[in-house]
Amino acid sequence: MAIARLMLLLGALATAGCASYTDTALQLREPLLQGDLEKARAYLEEVKPGGPGLPYLMELGLVLRLQEDYAASNHTFDAAEILIDELYTKSVSKEVLALATNDEVIPYDGEAWERVLINYYRAMNYADLGDFEGALVECRKINHKLKVYADGDASPPTYQTDAFAEYLTAMLYDASGQTNDAWVALRAADDAYVHYENAYGVKPPPFLAQDLLRTAEMMGDADGLNRYRERFQAASWAANSELLERGEIIVFYEEGYIPAKVQQTIMIPILRTEYDDDHRTDLAWTLSQRARYVEPPHYAKTELEYLLRIAVPSYPPPTTDELPGHAIVFAGSDSCRSEIAEDLGAIARQGLQDESAQIYFKTILRALGKYALTKGIEDKQGEVAGVVANIFTAATEKADTRSWITLPNTIQVARVLVEPGTHDIEIQCYGPGGDELDTVTFEDVEVGPGQVRFLSHRTF
Amino acid sequence: MFRPARLFHGGSAAALSLALAALVGCGPSKTVSRINPDDTVDLSGTWNDTDSRLVSEEMIQDCLNQAWLRTHMTERSKKPAVIVGAIRNQSMEHIPTDTFINDIERSFINSGQVTVVADSGEREDLRAEREAMQGNVTPETLKRFGHEMGADYVLMGDINQIIDEEGGEKVSFYQTDLQLIDVESNVKVWIGQKKIKKYIGRAKYSG
Numbered sequence: 001m002a003i004a005r006l007m008l009l010l011g012a013l014a015t016a017g018c019a020s021y022t023d024t025a026l027q028l029r030e031p032l033l034q035g036d037l038e039k040a041r042a043y044l045e046e047v048k049p050g051g052p053g054l055p056y057l058m059e060l061g062l063v064l065r066l067q068e069d070y071a072a073s074n075h076t077f078d079a080a081e082i083l084i085d086e087l088y089t090k091s092v093s094k095e096v097l098a099l100a101t102n103d104e105v106i107p108y109d110g111e112a113w114e115r116v117l118i119n120y121y122r123a124m125n126y127a128d129l130g131d132f133e134g135a136l137v138e139c140r141k142i143n144h145k146l147k148v149y150a151d152g153d154a155s156p157p158t159y160q161t162d163a164f165a166e167y168l169t170a171m172l173y174d175a176s177g178q179t180n181d182a183w184v185a186l187r188a189a190d191d192a193y194v195h196y197e198n199a200y201g202v203k204p205p206p207f208l209a210q211d212l213l214r215t216a217e218m219m220g221d222a223d224g225l226n227r228y229r230e231r232f233q234a235a236s237w238a239a240n241s242e243l244l245e246r247g248e249i250i251v252f253y254e255e256g257y258i259p260a261k262v263q264q265t266i267m268i269p270i271l272r273t274e275y276d277d278d279h280r281t282d283l284a285w286t287l288s289q290r291a292r293y294v295e296p297p298h299y300a301k302t303e304l305e306y307l308l309r310i311a312v313p314s315y316p317p318p319t320t321d322e323l324p325g326h327a328i329v330f331a332g333s334d335s336c337r338s339e340i341a342e343d344l345g346a347i348a349r350q351g352l353q354d355e356s357a358q359i360y361f362k363t364i365l366r367a368l369g370k371y372a373l374t375k376g377i378e379d380k381q382g383e384v385a386g387v388v389a390n391i392f393t394a395a396t397e398k399a400d401t402r403s404w405i406t407l408p409n410t411i412q413v414a415r416v417l418v419e420p421g422t423h424d425i426e427i428q429c430y431g432p433g434g435d436e437l438d439t440v441t442f443e444d445v446e447v448g449p450g451q452v453r454f455l456s457h458r459t460f
Numbered sequence: 001m002f003r004p005a006r007l008f009h010g011g012s013a014a015a016l017s018l019a020l021a022a023l024v025g026c027g028p029s030k031t032v033s034r035i036n037p038d039d040t041v042d043l044s045g046t047w048n049d050t051d052s053r054l055v056s057e058e059m060i061q062d063c064l065n066q067a068w069l070r071t072h073m074t075e076r077s078k079k080p081a082v083i084v085g086a087i088r089n090q091s092m093e094h095i096p097t098d099t100f101i102n103d104i105e106r107s108f109i110n111s112g113q114v115t116v117v118a119d120s121g122e123r124e125d126l127r128a129e130r131e132a133m134q135g136n137v138t139p140e141t142l143k144r145f146g147h148e149m150g151a152d153y154v155l156m157g158d159i160n161q162i163i164d165e166e167g168g169e170k171v172s173f174y175q176t177d178l179q180l181i182d183v184e185s186n187v188k189v190w191i192g193q194k195k196i197k198k199y200i201g202r203a204k205y206s207g
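If you're matching them up, the sequences are chains G and B in order.
Numbering of the first sequence is given in the working numbering, commencing with residue 1 and proceeding in unit increments.
Numbering of the second sequence is given in the working numbering, commencing with residue 1 and proceeding in unit increments.
Just chain B, same shape as in the assembly:
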């Protein structure tokens, strides 16, 4: 029987514990706890769900406060219809742009000031669905062809990233540029920009 209590005395205890650590390993046991999805948790320093949500909310807020919306309402007296188009990931991380696009659409819809039209991929699926309805559903619930709403504007943009790194220190800078373009005239009615800067420090040594 191994009795550690008898062994830990004298100056070799530290060295002994090192040798023991090598044998036993020191993996922490797994812990799981639920957290609020709105809480900010920064682990690796990369683009995360909080960035996606904050950037989309702030940028769309800014977008809706600008002159184009009032001009549109005065000229056409109807809510503008917007498609959220391609947001290109130009960063050094595999940012899930789909999640970001969903966050933008949600911000638009929740504002109540803009109608969001399905994007090209979704439209294909919907057309297939309408196709499938023909001859299969009751006449009262049958949806007609040729009644899709055309978009007035397309929102597109990109996410860029610059990393400055030296030793264990890293500053990660993200810049999201979005622009809202009038589909008929190609006029850019709004350009927005949002920057995020993160400092990521890594220690040279741990215990």
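Okay, chain G solo, but in the shape it has when bound:
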């Protein structure tokens, strides 16, 4: 049985010694908070948290965007998208290895919302490069992706669509004069925000109602226009003829950090009366219910078969730091307060909640497998060997905490109509308590009649 022991040792070596993804990747936030983007990038490229695939490519793509290296950012995000496509084909050997060790040996292929946000950032990169055609390609990719999510069963139950992404595409189509596409995307965004309000408590930004009214009028949809007038009685909106004479500044304000997953260790008692390795799957199901919802049973020490130790990903409880701040955009003679269009913190937390049953079941099943193996070794080779095996199984147990952690907590939108010409656009950013975080000025922003300029700003 030396082989079984060696196998465990190798398995342990394959994973032990690596800190969790979150531990390594969180160090990236420090230089970002200090505004040292170069240091953040150097850290990423040197340490490559989680290896050279995802989420590294997503973190790097975003840091490069923050560094205003838009072409390199697009190149990196492109590599991320190609990798995600390739990872559609799951490696059986890695899945089997994961059953024996932990989920982090399976290459990370990104959460559904992370994959959509890649295209948001790419669209903004193209817009910043002045390549509107490129930005619209990203919009079409988003619309297609969301359609596949809606049709398929691959996406988690709550995140079936992305209201902000739909709305983003509507704004970009509209800015490019593709009213028909904008009209389709606006109505999709409208539907999606109904779902967002129920699922995440995110209301549609007020600009959406104005866009729906204006575009319904442009499309000559009298019924639609009447319906929207009834729904949005308080909305005042600029007609298209007015927009054609003025310019518009659209600001995407990204604030804070998406919560980072941490490893939570849970001890689950298994009683002698219930342990039955011949029905491992049933037992795993009972135990996962116990771990998630039910108080542990009271038992005497002698009744205990084993104290099962599992490591699962979880989010720490929300803190006041996570409450969203806001920005005020001053442009021309007007100003606008930003409105939340995407609450990534809420999406991520709900996403883990949706997956939690599956994660617990899989983790407990794996732990039971390891326990059965340890028990087998102990029975055949004595207690010492059993203890050694136990140490190795515990060492390989690690929660999968991988995620794109440089993402903001919320994405907010502010829109201001201005007279055509050159403007200094000031963005004042406030924290959740109303404390001023940061003020930036985009100098000499040129906007012609009927033109839209997209700007974005991030605070950490």
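It is possible that some hints are incorrect.
[Claimed, not checked] Computed list of lysine-lysine pairs in BS3-like fashion (alpha-carbon distance at most 27 Å, straight line):
id	chain 1	residue 1	chain 2	residue 2
1	B	Lys204	G	Lys362
2	B	Lys198	G	Lys90
3	B	Lys195	G	Lys145
4	G	Lys147	B	Lys194
5	B	Lys197	G	Lys147
6	G	Lys90	G	Lys39
7	G	Lys48	B	Lys30
8	B	Lys30	G	Lys94
9	B	Lys195	B	Lys170
10	G	Lys94	B	Lys204
11	G	Lys145	B	Lys194
12	B	Lys195	G	Lys147
13	B	Lys170	G	Lys147
Please keep in mind that the hints were generated in silico from the structure rather than gathered at the bench.
Chain G is fixed; fit chain B onto it per the hints.
Positioned in the frame of chain G, the structure of chain B alone reads:
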């Protein structure tokens, strides 16, 4: 010294090799081999150089076989001058339309039936070049202003894409629409369309 030969026996060999695979990794070594640029190599299923070349060749072939060319020759007894204008990318991929435009221009020129005039960006560069010649080159080689050839027709169009996707299966459909428009009268003298359909299958599992 690690001696694998002694270790590979018994039922644990498969599990052992899995654990080993995790340690060693299994990256293939890099290979490079030269291939003919005319060969069709489909890797990702996206729009590639072969699509660009085939679509441009076929569409321009079709364009040159249509009535407008004969009509033009009869009426003006001179080869038509054409500008290849904007080809808009309306697809879900970042198709390099510049390459596509070059392929179209090449097909036109190689046919010998059409004169291709430089597009607006190139014309700016050429005018700057003529500007720079003044007072710097010998009188015999000096190129004059005001002798550019005006185009009779502009070719423009777009590339659209529809993707149908379900699980690991994907059908990607590209439609390229081109139209040739008389610059003076705005009359559309030719409209061409070329469709490409690709099936992209992805396996759910690999080894």
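Right, here's what the structure says about each hint:
1. B:Lys204 to G:Lys362: Holds - the C-alpha atoms of G:Lys362 and B:Lys204 are around 20 Å apart, at most 27 Å.
2. B:Lys198 to G:Lys90: It holds: about 23 Å lies between the C-alpha atoms, which stays within 27 Å.
3. B:Lys195 to G:Lys145: Status holds; Cα separation ~23 Å.
4. G:Lys147 to B:Lys194: holds, 26 Å
5. B:Lys197 to G:Lys147: holds, 20 Å
6. G:Lys90 to G:Lys39: Since the Cα atoms of G:Lys90 and G:Lys39 sit roughly 35 Å apart, the hinted pair is violated (cutoff 27 Å).
7. G:Lys48 to B:Lys30: Since the Cα atoms of G:Lys48 and B:Lys30 sit roughly 22 Å apart, the hinted pair holds (cutoff 27 Å).
8. B:Lys30 to G:Lys94: holds, 22 Å
9. B:Lys195 to B:Lys170: holds, 16 Å
10. G:Lys94 to B:Lys204: Within the cut-off at roughly 13 Å; holds.
11. G:Lys145 to B:Lys194: Status holds; Cα separation ~26 Å.
12. B:Lys195 to G:Lys147: Satisfied, since the Cα-Cα distance of roughly 23 Å is no more than 27 Å.
13. B:Lys170 to G:Lys147: holds, 13 Å
Hint 6 alone, counting from the list given before, is not met by this structure.
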